Amino acid sequence: MSEHHPPRRPRRETVTYASAHGARAVPGPAARRPVHPPARSEIDEQTTLGHTYVRSLMRSQLRAALTALGALALLVGSLPLLLALPAPEALVWGALGFGVYPVIWGIAHWYVRRAERNERDFTGLVER
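When you number the sequence shown by my numbering, it's gap-free, plus one each residue, and the end is 1350.
Honestly, I wouldn't trust all of these hints.
Estimated spans, in silico, between C-beta atoms of each pair [what the hints assert, rightly or not]:
| id | residue 1 | residue 2 | range |
| --- | --- | --- | --- |
| 1 | PRO1310 | ARG1277 | 26 to 32 Å |
| 2 | TRP1327 | PRO1228 | 52 to 58 Å |
| 3 | LEU1271 | ALA1317 | 47 to 53 Å |
| 4 | GLU1338 | GLY1299 | 41 to 47 Å |
| 5 | LEU1307 | THR1270 | 53 to 59 Å |
Simulated from the structure, these hints should not be mistaken for laboratory data. Quick caveat, the model's predicted, so the values are computed rather than measured. Where is the CB? At the ideal position from N, CA and C, for every residue including glycine.
Turn these sequences into a full structure, and let the hints steer you where they fit.
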């Protein structure tokens, strides 16, 4: 029984008007810059540079998460001190309801904005 192999796809080639008609392209300002492969291809091909790009994104996301976690731990860790103070019950409930939750919301809001900014910066780096 013979094995049937699908035909190989031809290698992709970028064709411009000038190269198709045999003319030489006029070098512009972009031609004077050193040619580097795009970061996206580095990531797709899992090269060392691509690994470094992804690691930097992961590090910045981890830094933001640990900062938010630390702020939340300080807030929650200080609650027993607040509850141990001799204060009227209404003041304690007011501090919990109107003091703690807005701070938690603020930490969460900061974290989401920071994570989105990290991803936007990474995408901008990769898309260049």
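Taking the hints in turn, this is what the structure says about them:
At roughly 52 Å, the beta carbons of PRO1310 and ARG1277 sit outside the given window of 26 to 32 Å. Hint check: TRP1327 to PRO1228, Cβ distance near 55 Å, so the stated range 52 to 58 Å holds. A hinted range of 47 to 53 Å for the beta carbons of LEU1271 and ALA1317 is consistent with their spacing of about 51 Å. Separation of GLU1338 from GLY1299 is about 28 Å and departs from the stated range, judged on CB atoms against 41 to 47 Å.
In this structure the hint that LEU1307 and THR1270 lie 53 to 59 Å apart at CB holds, the actual value being about 55 Å.
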